[in-house]
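Trainee: Listed in order, the protein sequences are those of chains A and B. According to numbering that gives the first Met the number 0, the first sequence is numbered sequentially starting from 0. According to numbering that gives the first Met the number 0, the second sequence is numbered sequentially starting from 0.
Calculated directly from the structure, the hints in this document are not laboratory data. All values reported here derive from a predicted model rather than from experimental measurement. The C-beta atom is built at its ideal place from N, Cα and C for all residues, glycine as well. Some hints could be false.
[Said to hold, decoys possible] Interface residues of chain A toward chain B, partial, derived using beta-carbon atoms under 8 Å:
(1) F128
(2) I130
(3) A138
(4) Q140
(5) T177
(6) K254
(7) N255
(8) E301
(9) Y307
(10) S311
[Said to hold, decoys possible] Away from chain A, derived, C-beta distances all over 10 Å, residues of chain B:
(11) G14
(12) L50
(13) E126
(14) L152
(15) G165
(16) T225
(17) E315
(18) R340
(19) E342
(20) K408
(21) P420
There are 2 protein chains.
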Amino acid sequence: MKKTKNIEDKLKESGIENGDTIRVEKQGEIYEGVLIPHHIFSDKDIITIKLKNGYNIGLEIDDETDIKLIHKSKKKERKERKTFFNPDKPTVSIIGTGGTIACYVDYRTGAVHPATSAEDLAFSVPEIFNISNIKAHVAFQLFSEDIAPAQWLQLAEAVAKELNQGSHGVVIPHGTDTLGYTSAALSFLLRDLTGPVVLVGAQRSSDRPSTDAALNLQAAVQVATTTDIGEVVVVMHGESSDNYTLIHRGTKVRKNHTSRRDAFKTINDKPLGRVENNEVIITEPYRKKSKGPVILDDKLDEDVGIVYSSPSLRAEDIPDRRGLILMGTGLGHVPNRLIPRLEELIKKGTIIVMTSQCINGRVNLNVYSTGRDLLRIGVIPGEDMLPETACVKLMWALAHGENKDEVEKLMLTNIAGEISPRSRWNC
Amino acid sequence: MKKTKNIEDKLKESGIENGDTIRVEKQGEIYEGVLIPHHIFSDKDIITIKLKNGYNIGLEIDDETDIKLIHKSKKKERKERKTFFNPDKPTVSIIGTGGTIACYVDYRTGAVHPATSAEDLAFSVPEIFNISNIKAHVAFQLFSEDIAPAQWLQLAEAVAKELNQGSHGVVIPHGTDTLGYTSAALSFLLRDLTGPVVLVGAQRSSDRPSTDAALNLQAAVQVATTTDIGEVVVVMHGESSDNYTLIHRGTKVRKNHTSRRDAFKTINDKPLGRVENNEVIITEPYRKKSKGPVILDDKLDEDVGIVYSSPSLRAEDIPDRRGLILMGTGLGHVPNRLIPRLEELIKKGTIIVMTSQCINGRVNLNVYSTGRDLLRIGVIPGEDMLPETACVKLMWALAHGENKDEVEKLMLTNIAGEISPRSRWNC
Chain A
0 MKKTKNIEDK
10 LKESGIENGD
20 TIRVEKQGEI
30 YEGVLIPHHI
40 FSDKDIITIK
50 LKNGYNIGLE
60 IDDETDIKLI
70 HKSKKKERKE
80 RKTFFNPDKP
90 TVSIIGTGGT
100 IACYVDYRTG
110 AVHPATSAED
120 LAFSVPEIFN
130 ISNIKAHVAF
140 QLFSEDIAPA
150 QWLQLAEAVA
160 KELNQGSHGV
170 VIPHGTDTLG
180 YTSAALSFLL
190 RDLTGPVVLV
200 GAQRSSDRPS
210 TDAALNLQAA
220 VQVATTTDIG
230 EVVVVMHGES
240 SDNYTLIHRG
250 TKVRKNHTSR
260 RDAFKTINDK
270 PLGRVENNEV
280 IITEPYRKKS
290 KGPVILDDKL
300 DEDVGIVYSS
310 PSLRAEDIPD
320 RRGLILMGTG
330 LGHVPNRLIP
340 RLEELIKKGT
350 IIVMTSQCIN
360 GRVNLNVYST
370 GRDLLRIGVI
380 PGEDMLPETA
390 CVKLMWALAH
400 GENKDEVEKL
410 MLTNIAGEIS
420 PRSRWNC
Chain B
0 MKKTKNIEDK
10 LKESGIENGD
20 TIRVEKQGEI
30 YEGVLIPHHI
40 FSDKDIITIK
50 LKNGYNIGLE
60 IDDETDIKLI
70 HKSKKKERKE
80 RKTFFNPDKP
90 TVSIIGTGGT
100 IACYVDYRTG
110 AVHPATSAED
120 LAFSVPEIFN
130 ISNIKAHVAF
140 QLFSEDIAPA
150 QWLQLAEAVA
160 KELNQGSHGV
170 VIPHGTDTLG
180 YTSAALSFLL
190 RDLTGPVVLV
200 GAQRSSDRPS
210 TDAALNLQAA
220 VQVATTTDIG
230 EVVVVMHGES
240 SDNYTLIHRG
250 TKVRKNHTSR
260 RDAFKTINDK
270 PLGRVENNEV
280 IITEPYRKKS
290 KGPVILDDKL
300 DEDVGIVYSS
310 PSLRAEDIPD
320 RRGLILMGTG
330 LGHVPNRLIP
340 RLEELIKKGT
350 IIVMTSQCIN
360 GRVNLNVYST
370 GRDLLRIGVI
380 PGEDMLPETA
390 CVKLMWALAH
400 GENKDEVEKL
410 MLTNIAGEIS
420 PRSRWNC
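Using the sequences and the hints, build the whole thing.
Mentor: What follows is the structure, given as structure tokens:
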């Protein structure tokens, strides 16, 4: 397929600008909709149009693609809104990371742009300025699947700075794919929080009628402004309709659906509370904010892998890392033929923690002989920790324990709400 | 720790037999309960006692352990029950695999023994003989974490034989850890089923007051006896109380909790129906049984791995297999830095299928540029297939497609209910 040298030229030739309604004919198929501006994350040879049903579609354009102008848009100006500082209101810091929710929608074109300033946010979700003074900056712009330990450290540093400079709370809009990893990481990297640290995402981008971006961001700002929580939490839609959002503990939350707006669930515990009708209702015990200052603990050992057990897992598929999280079957098992490989790694110094691919429930290595054999060779039972949280925690524990015993002790100690008390949830 | 040479001798010296109440003193801790017989799966230096709260505990015995007889049990005879053949009733075949549910409870001692004959089952769950004539044999005795493709093939062969010899249906008691893998495997390995093939398990063993073994087995036999289903299904507790069991399609079911009795869930679809008050109620469409004969399709290529994406996944952790199932984040993403490794493997001939670690929902590689890049290098979107089912299906597809295109086509075709129609479940 030949690629056109310059899509912009092609559009200009036809007198087409962003916001115009166009018809694209490509390999016999016809697409009609509003041309929306090039998104920072889109490929260069792709144009995006918003179809009548509200969905966006990306179309790869080559020289054979026919693009026609249907009608010009009526231009509307972006209404600027001044953001005055009100000394009677608390200040909340928003730190952008590139997720959908940090974007603002250009109402003329329906396009999504990353919000890079408080003004952009004021344009997108003006309601939040009624709740608090907003300080906003962008830490980085990445798809969340590309966010790695380096970014966790960068964010932790930024959060500590904002809180220590006097912000009442911090809101971090974040792509949803790895939001749970980041919320767990910040939970271990930050101590003595002087206010709520609220991660928030959107499952549907701001340009779709079903978007959850505005509701989630408002609720997040509400939690950051009005509560005395001293923990890292995640605020996301609580159900498919728009009635409320849930406040999840950062170490207990998981994206459990690819696309639903209520994809995020608290696992093996209850959510801390909810936000409903602009009111924050906390129903579970939580750690209250400290007097500060916030301590940044920036040590992580990234050399931790996750291994998913299955009937076809082979010894040589289990990598030689400083730490390994096993996602075993059931109560925490792997095929017995793999135990010698695990023993070999443990003897070489690898710390291995067992979690369950069931996701829900607690591992228990005392029930069956496979489990007891795993205990005997030194596998650490991961209690009811999420595999993702256990992975991040092991990175943290490896950087803090002097030896295997200390790392094991840290892994079995509840540091940031990641382990539920046995008496409460044991089955 | 010194190990005692012979636990049996030690018990005999104290005049202790199975069923007696004993007190064990071990490292300062005291355990009192009924001694239950050595379980086939227990370690040799372990005795198991049933505590007063109904739980069993395994205790490692060494020479320092003190064991005292508290009182002798009153012996009760095992009541034999004759199993007459009733020509008016259908016959159901039960094929044992070593799971908890295939065990029978010795009511004198509370011990669990693997049931190896119809007589054992009659002793354990006599109710099933009221429903149908029972033919029983044991295919193998393994913990389900050790059940591998070789056993799937053995089971498929046994099922085909039983159905082709005239059984109305087949019931397979199976350990719960990998029950979903086996049910998926049988779904692809067997065609033109002449009756229901019902896998069933127990989350709590038969000796515990909370056992689900009897209810589940009765319901499974009911489904195998009274329905015209021509599919592989899984019958398990539907909720934590004892009100009903659910009938799950074999390719859509997953163990979603380590210990709850209602751990098994149908994912991305509805269960086919339920069994309540001894009545089978089917509520969803299903494949009806064929006139037969059952076709055994015994080709599998085991060289398929599962890789769980995470921020710390490294290129060298992605093994060089004929097939790979990726458990991506969100709609089906991996860190962009890993795409060159995937492209290298695909160029060398690896078939890579994307599923989601969200478990619920459908992958969609068209929404973001990471997904489009994965499509471009040849990653196959796994629709809404469970990762475990996709793994088994890829083993099957690799053994049936002549080339990449054929394997890809098979993976994207709904063969055994593993892919839900887009119109119904797409979000």
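Trainee: Hints first: check each against the structure and report whether it holds.
Mentor: Hint-by-hint comparison with the structure:
1. Because the smallest distance between the Cβ of F128(A) and any Cβ of chain B comes to about 30 Å, over 8 Å, the interface hint for this residue is violated.
2. Below 8 Å, beta-carbon pairs count as interface contacts, and I130(A) has none with chain B, the closest being about 29 Å; its hint is therefore violated.
3. For the restraint placing A138(A) at the interface with chain B, the shortest Cβ-Cβ distance is roughly 16 Å, beyond the 8 Å limit, so the hint is violated.
4. The beta carbon of Q140(A) comes no nearer than 13 Å to any beta carbon in chain B, farther than 8 Å, and the hint placing it at the interface is violated.
5. Satisfaction of the interface hint for T177(A) is found here, the shortest Cβ-Cβ separation to chain B being roughly 6 Å, below the 8 Å cut-off.
6. About 5 Å separates the beta-carbon of K254(A) from the nearest beta-carbon of chain B, less than 8 Å, and the hint is met.
7. The interface hint given for N255(A) is met, as the beta carbon of that residue sits about 6 Å from the closest beta carbon of chain B, less than 8 Å.
8. A least Cβ separation of about 6 Å between E301(A) and chain B falls short of the 8 Å threshold, and the interface hint therefore holds.
9. Proximity of Y307(A) to chain B holds as hinted, the smallest CB-CB distance being about 4 Å (cut-off 8 Å).
10. Hint status for S311(A) relative to chain B: holds, with the closest Cβ pair at about 5 Å, below 8 Å.
11. With a least CB separation of 28 Å from chain A, G14(B) remains clear of the 10 Å interface cut-off, as annotated.
12. For L50(B), the shortest C-beta to C-beta distance to chain A comes to about 13 Å, beyond the 10 Å cut-off, and the non-interface label holds.
13. Listed as a non-interface residue, E126(B) keeps its Cβ farther than 10 Å from every Cβ of chain A; the least gap is roughly 26 Å.
14. No Cβ of chain A comes within 10 Å of the Cβ of L152(B); the nearest lies about 12 Å off, and the non-interface call holds.
15. Remark: the non-interface label on G165(B) is consistent with the geometry, its nearest Cβ contact in chain A lying 31 Å away (cut-off 10 Å).
16. Every C-beta of chain A lies more than 10 Å from that of T225(B), the closest at about 30 Å, which supports listing it as non-interface.
17. Chain A draws E315(B) into its interface by the beta-carbon criterion, the shortest separation being 7 Å against a cut-off of 10 Å.
18. For R340(B), the requirement that its beta carbon stay farther than 10 Å from each beta carbon of chain A is met, with the minimum near 13 Å.
19. Even its closest Cβ contact with chain A, about 16 Å, leaves E342(B) beyond 10 Å, as expected for a residue assigned away from the interface.
20. Taking the minimum C-beta to C-beta distance to chain A, about 20 Å, the non-interface status of K408(B) holds against the 10 Å cut.
21. Look at P420(B): its CB is around 16 Å from the nearest CB on chain A, clear of 10 Å, so calling it non-interface holds up.
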